[in-house]
Amino acid sequence: MALEKDPLNLIITGVGGQGNVLASHIVASAGIREGLYVTVGETYGASQRGGAVMSHVRFSFQAQCSPLIPEGQADIVVGLEPVEALRIITDFGNPKTKVIVSPRPVYPVWVLSGQAKYPPVEEVLGKLGELVDEVQVVETAEEGEVPMAANVLMMGALAGSGLVPIPIGSFEEAMREILSPRDLETNLRAFRKGVEAIRTG
Amino acid sequence: MKAGKGSLELEKEVLNEGLCTSCGACVEICPYIKVVKDRVAVIEPCGLAEGKCYDFCPRTPTDIAALDRRIFGQERPDSSLGSYISIEMAQARDNKIRSRAQYGGVVSALMTYAMDLGEIGAAVLTRPFDGGLMPTSVVAEESSQVLGCATSNYIASATLAGMNKVIKQRRDAIGVVGLPCQILALRKMQVSEHENGAMGVKLVIGLFCTWALSYKEFYRFLRGRLDLSLIKRLDIPPPPANILVVDTETGTMEFPLEDMRGFIKPTCGICFDMTSEFADISVGMVEGMDDWNTLMIRTPEAERLIEKARQDGIIETRPLDEARLTHLREASLQKKRRAIDDLVKRTGDERNLLYLLLSEEERRKFL
Amino acid sequence: MSILAIDQPGRSVLMMGNEAIARGALEAGVDFSTAYPGTPSSEIIESLARVAEHFGFYAEWSTNEMVALEAAAAASLSGLRAIVAMKQNGVNVCSDFLLTVNLTGTKGGLVFVVGDDPSAISSSNEQDSRNFARFADLPLLEPATFQEAKDMTRWAFELSERVGLPCMIRSVTRLSHSRGNVKLAEIPQRSRSARFEGSYIAGVFVPIKHAELHQKLEQAREEFEGSEFNWYVGREGARFVIVTSGSGWLYSREAVAALGLDGEVGILKIGTTWPLPESFIVDHLRQATELLIVEEVDPFLEQNIKILLAEQAKTLGPIEVYGARSGHLPAFGDINQDKVARALADIRGLEYRARDEQYAQRASELALTLPPRMPTFCPGCPHRASLWAIKAALKLDGRDGFVAGDIGCYSLGVGPAGFWQLKTLHCMGAGIGLANGFGKLGQFAFDQPVVAVCGDSTFFHAAIPGLINARFNNSNVLMVVLDNGGTAMTGFQPHPGSGTDALGRPAPVVEIEEICKAIGVEVRVRDPFEVDRAIEDLYDMLQDGGVKVMVFRRKCFLIESREKAKPKVFVDPEKCIGDECGCARFCSRVFNCPGIIWDQDAEKAKIDEVVCTGCGVCATLCPQGAIVVEEG
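Residue numbers (our numbering), protein chains in the order written: chain C, 1 to 201; chain X, 1 to 367; chain P, 1 to 632.
Some clues are possibly wrong.
[Said to hold, decoys possible] Mimicking DSS-like on lysine-lysine, the simulated pairs with C-alpha atoms at most 27 Å apart in a straight line are:
| # | chain 1 | residue 1 | chain 2 | residue 2 |
| --- | --- | --- | --- | --- |
| 1 | P | Lys575 | X | Lys5 |
| 2 | X | Lys165 | P | Lys391 |
| 3 | P | Lys568 | X | Lys12 |
| 4 | C | Lys98 | P | Lys440 |
| 5 | P | Lys575 | X | Lys168 |
| 6 | P | Lys183 | C | Lys5 |
| 7 | X | Lys168 | P | Lys606 |
| 8 | P | Lys555 | X | Lys216 |
| 9 | P | Lys566 | C | Lys193 |
| 10 | X | Lys165 | P | Lys183 |
| 11 | X | Lys165 | P | Lys606 |
| 12 | X | Lys168 | P | Lys568 |
| 13 | X | Lys202 | X | Lys165 |
| 14 | X | Lys12 | P | Lys555 |
| 15 | P | Lys391 | X | Lys5 |
| 16 | P | Lys395 | X | Lys165 |
| 17 | P | Lys568 | X | Lys5 |
| 18 | P | Lys216 | P | Lys306 |
| 19 | X | Lys202 | P | Lys575 |
| 20 | C | Lys117 | P | Lys575 |
| 21 | P | Lys423 | X | Lys12 |
| 22 | X | Lys216 | P | Lys395 |
| 23 | P | Lys568 | X | Lys216 |
| 24 | X | Lys168 | P | Lys395 |
| 25 | P | Lys339 | C | Lys5 |
| 26 | X | Lys5 | X | Lys345 |
| 27 | X | Lys216 | X | Lys12 |
| 28 | P | Lys216 | C | Lys117 |
| 29 | P | Lys555 | P | Lys423 |
| 30 | C | Lys96 | P | Lys606 |
| 31 | P | Lys391 | X | Lys168 |
If you are wondering where the hints come from, they were derived from the structure by calculation, not from laboratory data.
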């Protein structure tokens, strides 16, 4: 097997606490099952407490990649938070980058305290559209509902999009291995909702 | 009266200048201003340009004549003693009250009576020596609680903070007992354009006051000399005694009054009001007669209550003799002169009396 | 079953660098493992502890890194194989032992792993711990890939036993916390038994022992000459060679490919970084005239290579060296492929543009319009309430008092999350250390009250000597111990006050307040969620001199919320007065809990149900009683 582009660079981004790490763990484990070299670069620690976080996931059939995607080299960006998705694109995006994004904002504390303004989500999505050709918006919950396992749902969207050469079955196998039996059901449901969501557009 | 200033100015003009009386009017209105013991501080600027704290504070500019007109419907006929209907001597008829009280027990008797009549549902009082030196704010709902707050303490505590807390929760009429600075703040709240619950205070009893002591220094002085948890009573007998008497469970101690002067709150030096000029009823001691109070009846509502109390045998009243009346006037005048002196020293300008907005005429009476 | 315990030699799995290191120790048959939690190293002992019972070896969370290293050394001296893991600051803490055990030598393989944190992503400083290897004359290995992280660790035990010295492995955040492919090998049966024989004494015949140490190091160097961890790729006999170690390897390889220089340059990758495999290096530099040294953080490799070049000047001739000293790569912060590519392009006179210039320009402009995202305390964090109480008490006190900070989640108190209260921040224990010094300045007209904050784990790690010093020397200091029940910042590992050990079994509890009492200082224990009471207590304690300790005890809410059903918290919009005098958006704007949002349209506060953990502190602070907490 070969990748259309080798290495294939994916960034999953969001806010500390949104479950970035689990999401990247799932897609990376799924990748290894397909015989790929996978490198996942994370930011941990202080950033977990409400700071911006990103996981760089790099797939290659040729060799192990470094854990950081170079400037402008992201092929796919999955944004668990709209402003963070845009922030990542400004550093790592190029016009060909494919973006899958959740439109639900998580307000930074400086916005909450009135020291900074959070732009309207439409504006953020518009700016994203300025920098990349393809943006797919995926809602992580119904109107008024509280999103459940949004990170895994977005992985479902990624899986269903066909942008990574990893079959859905491998994702689910990886989840079975990583998650505890107690959490598996909820997460599988969220995952499948994501697959459905991206396919029905 | 809307002042157009807020917590920043309060801090700059009052708190940082050592002028705070610790009345507590600015506390429990918002999360930004707190009081511990008698220390008031703005913890964090609220960011608003103007607000209640500055408006309510008794040390921010106050038009005395306007306040007189609002409360009493007239300019004050007596520059020295403010508006009043009569000045008498009085004492509680109930021995139990009198034995517990510092002097005549009139404050306890009247508050209890007003409660029993149903005219007020609760009284905001100060309980001294509650296990330590610092008095605590108490909301009394029945007579034993009122009596528990009897006796003087010479430390100003944030009574109005306690009041602010309780008027958030209650809708019925309440009574308040306070020092002149606290009564002034309470009245400023009642006439303020800022919405607040002070209009629910239907009975305002003010105490006579010459000065109050700063908690920290006084505490440090006493704690080296006795076990503060055993204090029962503080008293300053009239001149020429010149002592502070401390009654404890294990005995009585006396200290020269001179030693206390260093602990007087600096803000007391600019205080204009000895007899709680803005209260409904003002109560003080009677020199030489430990069992009696001086009673000033200032408003018609007060007069009505006192008449009823007299008739129902709650209190007994007698006329106050001329000599004592003159002495009272003199003492009050002296406090005013000292205050003006102190203010002019601070500002360097005879026309700038900081918080006292007096007419040209009034001002000249004291210079 | 933990990924570490997978018994399928030859299988390739996705592993974190730290897990690979732990697996390497397992494959070496490790008997004894110790650590103090520290990012980026915590997962090493954490993952070992998870399988310790299964494999029958020992795992421990030690009070601090010095004790951890000493305990592990004891195992080594008794013939067992031991591993210690720590973050960069940890090696500073155990340096005294390191610089004596190098002289006494060790017996069973002793491997100590140091996780450096370039750019201080989760640290209060930046340092290159490789310098310790040179300082202490100890062999140093630097893994460059996840596979190496495992294989080097396994080999390090053997090396340590052959030369009789502790062996240092230096990892960095990008390796420790990243994940990649690792091919597993066998986990051997272990059959070692412990017995102490002989003597290991520093302080006697030290110069002789020091000379012997140098000989041992030379022995290590001879092994390094033929090591599989050093290699050369690219053009044979290249004139331009990149010399790199650690994380630099992958970045260099990718930078070379990005610039199309694969056929032109060579890359000499060193894994046995100290002592340098000199002959191996010289052999590969015979045709070289230019070198670019790529490493994180200090020019450690660079300086050592330059010494070697100077010594071999006759053989190698003049060689131009580029790197940190020439300014091509920074001697601070972390590196990445872009930085290496730019350096390479600059030296070779090539153009390297990551993206179209206009696009990059537009992207930068848009980036500036985005609100910054500062880390804050988690929703429900007791530190928020504690620091607010401290702020209030100091303000009420009115003497310009300040807070000396320490290391933990509460370190975020240097910023808006903690109301800017912490005015000093250095290393573990420095809070009380500094404070107790400030508290002796009274004779120099110093009258500002000083508050030292430290966490429960920090208390055991480093703060006790400072507290004793304060008492012994009659300093004026108020110490506030923020006891949230665990070592929270690094992942809530247990410590002596928690009640469980590394394996989750019940452990004796050492009580902070009892230690304080034994030291002879006044100590109070309060719940910081009772904010007004806390303010009053703190204020009282600030009034008199002497040493006082306030323990603010309230479990980390992130942990607590996982254990309990979350109450529903919401704002009653009828009662919320928002912008008005009396509130001025206190909860969302000042108290700053990320679970509280200011709804700009409704002009009311709102609780974000997803983020809120239901602690209810905001409800107690709301001046209008507008926040409602509904249990269950």
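Structure versus earlier hints - violations, ascending order: 3, 4, 8, 10, 14, 17, 23, 28, 30
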